[in-house]
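Engineer: Chains as they are written, first to last, in the numbering used here: chain C, 331 to 794; chain A, 331 to 794.
Fair warning: there could be bad hints in the mix.
Identical chains blur together in the list; that is why a pair holds if it fits in one copy or across any two.
Unchecked claim - When the alpha-carbon atoms are kept at most 20 Å apart in a straight line, the in silico SDA-like pairs for lysine to any residue are as follows:
id	residue 1	residue 2
1	Lys-351	Asp-509
2	Lys-417	His-641
3	Lys-438	Glu-451
4	Lys-438	Leu-637
5	Lys-417	Thr-496
6	Lys-483	Ser-524
7	Lys-512	Glu-334
8	Lys-512	Ala-335
9	Lys-448	Glu-334
10	Lys-483	Asn-523
11	Lys-483	Gly-444
In short, the hints are calculated from the structure, not lab data.
Model, not experiment: these values are computed from the prediction.
There are 2 protein chains.
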Amino acid sequence: MAEEATEARRELREAIEAGDKSTLSEVAERIHYADLAAEYEDLDSDDQRLFLLQALDTEVLPDVIAELPNGLVEGALDALQPRQLRKVLETLADDDRVDILQDLSPEKRQKFLGLLSKDDEELTRTLLNYDEETAGGRMTTRVGRISENMNVKQALEHLRPDLEDTETLTRIFVLDDQDRLKGKIRLRDLTFNSWQTPIRDIMQPVDHSVLATADQEEAANMVLRYDMPILPVVDEANRLLGVITTDDAMEILSEESTEDIEKYAGLTGEQSEESYLNTRVLTHFRRRFLWLLGLALLAIASGYVMLRFEHVLESVFLLALFLPMVIAAGGNTGGQASTVVIRAMALNELGAGDALRVAWKELRLGILLGVILAVCIAAVAVFVLPAFRPAMPGSVSFTQFGLAVATALGVQVAASTLIGALLPIFARSVNLDPAVIAAPAITTVVDVTGMAIYFTVVRTVLGL
Amino acid sequence: MAEEATEARRELREAIEAGDKSTLSEVAERIHYADLAAEYEDLDSDDQRLFLLQALDTEVLPDVIAELPNGLVEGALDALQPRQLRKVLETLADDDRVDILQDLSPEKRQKFLGLLSKDDEELTRTLLNYDEETAGGRMTTRVGRISENMNVKQALEHLRPDLEDTETLTRIFVLDDQDRLKGKIRLRDLTFNSWQTPIRDIMQPVDHSVLATADQEEAANMVLRYDMPILPVVDEANRLLGVITTDDAMEILSEESTEDIEKYAGLTGEQSEESYLNTRVLTHFRRRFLWLLGLALLAIASGYVMLRFEHVLESVFLLALFLPMVIAAGGNTGGQASTVVIRAMALNELGAGDALRVAWKELRLGILLGVILAVCIAAVAVFVLPAFRPAMPGSVSFTQFGLAVATALGVQVAASTLIGALLPIFARSVNLDPAVIAAPAITTVVDVTGMAIYFTVVRTVLGL
């Protein structure tokens with residue numbers, strides 16, 4: 331299957347290069363809309379994009395446009411003829427339509443809303459009131475609803491007219507006469523039960539639902555945790571507003587996972603929906619610069635500490651050989667500890683009261699890591715140091731020197747592990763996103779403490 | 331809903347503390363099996379775990395056991411009475427059963443297989459042949475299958491007897507008489523069409539399927555990319571073997587995302603299925619130590635470079651003030667570049683031939699970042715340096731000094747950005763997992779180059 335798809339995509343590119351519209355239309359029919367969207371994004375010129383757009387069947391156009399990265403949607407919509415534009419807007423799933431309208435200027439949004447039918451316009455305006463990152467902002471309303479007073483036959487007859495507009499029938503929700511959520515059934519319960527069976531007898535209780543104002547990630551995590559194919563979204567009065575489907579949840583989790591990884595690496599701002607190569611250099615620049623500058627300024631503190639210990643370094647310059655190692659080991663272990671803790675917080679494993687348990691675990695771990703690393707490095711020093719005999723002042727013995735460096739390493743690793751684990755918890759307790767205290771920030775912080783630890787320890791051990 | 335669930339879980343813990351079995355059984359019925367599994371994991375003693383297990387209804391037991399982290403499953407199974415054990419093994423979904431058996435010793439696996447019915451045993455043995463991380467190792471076989479020669483009425487009658495054993499009917503697959511995949515339909519197409527309609531007339535082509543031997547992540551990405559509620563898993567002859575459902579796909583993606591994040595932070599080995607607090611210190615230790623040691627040894631190279639430039643540092647010790655900043659800026663920008671590139675590779679955005687395009691983009695980006703950062707730091711230096719007038723040797727002017735540091739910073743940032751982006755691509759081209767060249771490794775590598783760049787540049791600019 332995969333080979334056929336790749337082959338079709340190659341043919342598509344050739345048809346575009348050749349400007350061969352009829353072949354293009356024919357090939358496009360064999361390609362999934364997600365792949366068509368990816369090809370559209372990869373095209374180099376606006377002319378080629380327009381050419382592809384015009385060759386697409388009106389049936390597949392809304393799906394392709396819904397898959398495009400945000401930055402390309404407006405251009406694609408503007409290129410459509412008025413009749414096509416209206417058709418696309420009408421056909422889009424309500425959650426996709428809202429997603430697209432959210433990114434337009436208010437004027438254009440009004441204009442596009444005006445193209446919709448009265449019902450769709452009203453529905454879309456209501457959905458636009460929910461924040462983009464909430465369950466309400468991501469839900470679809472195209473779900474099967476029946477009344478608790480129906481029997482199976484009535485339920486089937488009730489569902490039939492809207493069939494084409496219903497995105498999912500995996501779960502059908504049972505409502506009372508106030509639209510409040512009373513239960514759920516599966517389509518198979520309707521299909522394989524006798525027509526006279528009352529819905530009330532075969533419906534199941536709804537164990538989990540989510541408020542429309544809840545964060546989208548909370549909704550996605552519920553879908554994942556409770557293996558729910560469809561999560562109902564309700565208002566304060568438990569009235570059914572819409573549903574989050576598993577594919578919405580997967581998309582949310584995939585976005586959040588990229589976002590998390592990028593935050594850990596010190597990238598700011600919204601993840602670009604465009605692919606790496608299609609993102610402009612200036613956009614990449616904006617996402618990287620701020621952290622770099624902030625951390626660079628912070629790193630001057632490290633330099634200041636080093637400056638203060640000038641006399642220690644100058645009296646035994648051989649200390650420079652292990653200085654970067656001690657500093658870097660702190661950054662590495664601190665980065666590991668913070669990543670593990672931030673991930674545990676993201677998976678809701680750590681409550682507010684767990685700081686002490688984390689501290690106790692990481693303290694033991696830090697000491698263990700510090701001691702074993704120190705022993706390993708002391709062993710390495712035994713082999714390495716004799717090569718530097720000329721650089722060693724007569725007043726210091728190899729044993730003393732190795733001991734000093736190993737001790738400093740052990741203390742730095744233990745301290746950095748603890749700092750790395752606790753800073754994200756502290757950040758959350760003052761309502762900062764823990765991920766901002768991820769690896770790069772931790773590394774810079776423990777650079778400063780590491781510099782102080784190294785020089786203080788070696789000065790003490792070597793009596794400088 | 332969330333509050334009720336929290337309240338019930340509190341009552342559960344109280345009943346366990348109090349040793350009150352009848353309350354425990356009653357409360358447990360109100361709690362989702364995923365939450366019961368989480369409570370089981372959080373219990374401190376084996377006695378309490380046994381007590382909870384024995385209070386659970388036999389209906390919910392298999393679901394709870396399937397949700398437990400791998401390390402706890404065997405203990406739970408061993409605690410069951412033989413009759414319960416057989417019931418649990420029989421009731422487990424086939425993919426969960428295989429997942430559990432894969433982690434047992436060969437002897438115990440044989441013993442447990444012997445408890446199954448003939449059919450289940452045979453099926454399970456077949457599934458056990460697939461590697462744990464392949465589509466075949468994750469698929470369920472409990473899917474609706476009908477023949478292309480049936481009509482709607484025959485299809486419904488064919489599906490009815492196995493209804494309780496069929497995990498999903500969202501898509502029903504249509505096979506020819508050799509079990510080869512011919513098409514798919516939705517349950518609603520059966521429910522809302524007349525009984526005489528031939529299946530052949532209403533079935534849709536299957537656009538995407540995956541080989542049983544394909545990597546699980548490939549399967550999950552297909553589900554995500556193509557919005558497929560159910561992905562068919564086939565053999566070489568296109569015979570339907572089973573399906574990957576969306577909740578399998580979500581689980582796979584969530585595992586892989588934790589794995590990626592951990593790799594980026596320099597953690598080795600398999601992600602523990604147990605929560606952070608339930609993972610033992612020694613297990614945490616094993617996952618962190620190796621990278622720490624390797625990077626510590628590598629960092630000695632940095633120290634060696636510093637040692638070689640002793641005369642430069644000793645003639646203008648004020649250079650120490652900006653040394654950590656220049657080094658760290660390289661690590662940070664290199665880490666960002668590698669994260670972005672590794673993520674793009676994981677999302678299949680970068681092909682083998684894209685190395686030059688990446689290099690060109692990151693080179694421009696690196697120069698831009700380097701120049702702007704250098705200008706900012708030069709401006710800062712103007713304010714900071716006068717405070718260090720006594721430390722500045724008479725032979726060097728502030729302007730010269732600031733220029734030297736800013737130039738070194740610019741070169742280091744540009745070089746590190748390029749190195750950070752290209753090392754993962756190089757790693758992949760020699761068949762290494764690109765993620766092993768993630769932030770911590772990059773940071774250590776550019777520490778070495780940074781040390782050399784800093785001292786070489788300042789020596790040249792200041793003429794030392």
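Engineer: Next, verify each hint and record whether it holds.
Structural biologist: Each hint, compared with the structure:
{"no.": "1", "hint": "Lys-351 x Asp-509", "in the structure": "neither (50 Å within a copy, 39 Å between copies)"}
{"no.": "2", "hint": "Lys-417 x His-641", "in the structure": "neither (77 Å within a copy, 75 Å between copies)"}
{"no.": "3", "hint": "Lys-438 x Glu-451", "in the structure": "within (14 Å within a copy, 62 Å between copies)"}
{"no.": "4", "hint": "Lys-438 x Leu-637", "in the structure": "neither (59 Å within a copy, 64 Å between copies)"}
{"no.": "5", "hint": "Lys-417 x Thr-496", "in the structure": "within (18 Å within a copy, 39 Å between copies)"}
{"no.": "6", "hint": "Lys-483 x Ser-524", "in the structure": "both (8 Å within a copy, 15 Å between copies)"}
{"no.": "7", "hint": "Lys-512 x Glu-334", "in the structure": "between (47 Å within a copy, 16 Å between copies)"}
{"no.": "8", "hint": "Lys-512 x Ala-335", "in the structure": "between (45 Å within a copy, 18 Å between copies)"}
{"no.": "9", "hint": "Lys-448 x Glu-334", "in the structure": "neither (43 Å within a copy, 40 Å between copies)"}
{"no.": "10", "hint": "Lys-483 x Asn-523", "in the structure": "both (9 Å within a copy, 14 Å between copies)"}
{"no.": "11", "hint": "Lys-483 x Gly-444", "in the structure": "neither (38 Å within a copy, 45 Å between copies)"}
This entry does not satisfy hints 1, 2, 4, 9 and 11, going by the numbered hints stated previously.
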